[in-house]
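Model the full structure from these sequences, guided by the hints.
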Amino acid sequence: MRVALFATCVNDALFPATAVATVRLLERLGVTVDFPAGQTCCGQPQYNTGYRRACEPLVRRTAKAFAGYDHVVTPSGSCVAMVRDNYPRIGARAAAEGRGTELADLATDLVPRVVELTEFLTDVLGVEDVGAHFPHTVTYHPSCHGLRLLGLGDRPRRLLGAVEGLELVELPGAEECCGFGGTFAVKNAAVSAAMAEDKIANALGTGAQVLCGADNSCLLHLGGTLRRKSAPLRPLHLAEILASTEEHPWRPSA
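The numbering used here puts the first residue of the sequence shown at 607, with every later residue one more than the last.
Calculated from the structure, these hints are not laboratory results.
Zero decoy hints are in this set.
Pairwise CB distance ranges, derived in the manner of DEER restraints:
no., residue 1, residue 2, range
1, Gly757, Val792, 23 to 31 Å
2, Lys793, Val730, 34 to 42 Å
3, His854, Asp618, 21 to 29 Å
4, Ala660, Gly779, 31 to 39 Å
5, Gly737, Gly706, 44 to 52 Å
6, Thr655, Gly830, 17 to 25 Å
The beta-carbon is built from N, C-alpha and C at its ideal position, and this holds for glycine as well.
As structure tokens, this is what we get:
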């Protein structure tokens with residue numbers, strides 16, 4: 607099976623290890639992974655800030671970059687949610703304004719092919735035990751887009767539960783927002799920071815070594831709070847845990 611990796615701009619700029627881990631994991635499972643060089647931002651920051659028309663070139667570019675692939679896999683629920691939930695809205699609005707159906711047609715073609723990493727593993731490949739080894743205590747934070755818009759449910763937890771050596775500890779208040787919310791963290795910084803403090807207090811109370819998530823944007827937000835506290839808890843993307851094996855283990859310094 608050949609798929610396209612949608613790395614996302616956050617991972618490309620700040621968390622390249624997550625993209626590398628995603629490729630390593632998928633290749634270990636027998637998947638051939640391409641990286642279309644034409645990909646760029648999906649347009650989520652612009653759309654969330656009210657610049658709908660500014661998203662339209664990004665819709666076209668994203669659709670062109672991933673044309674011809676049966677599956678476009680990304681380790682970012684928020685970017686999948688942007689494509690699935692908002693690309694059709696952008697297309698429908700353009701059509702309603704009398705500017706044709708191009709964007710709507712592009713969305714119709716692209717949306718069914720874009721899948722979040724844990725969806726791809728469990729629903730497409732049909733695996734939960736990916737052969738990972740991670741002898742650490744982990745607590746899992748479900749990000750809002752994956753939880754509410756994508757309905758990922760227990761997919762990430764099932765994958766974590768099958769990892770050899772991993773001890774999964776329940777996170778109190780797991781379904782509460784961490785406070786990031788993209789541009790929300792900029793526009794409402796004090797509220798955002800207070801929400802992060804609550805999430806981190808709950809995470810630290812678990813005694814876990816690692817705070818796992820499936821969206822690096824949320825982990826960036828929470829990681830900043832952890833660093834300011836010099837807290838003994840490491841934020842880490844789920845893909846990096848699943849890519850870790852006994853022969854090639856994850857290293858905190860990597």
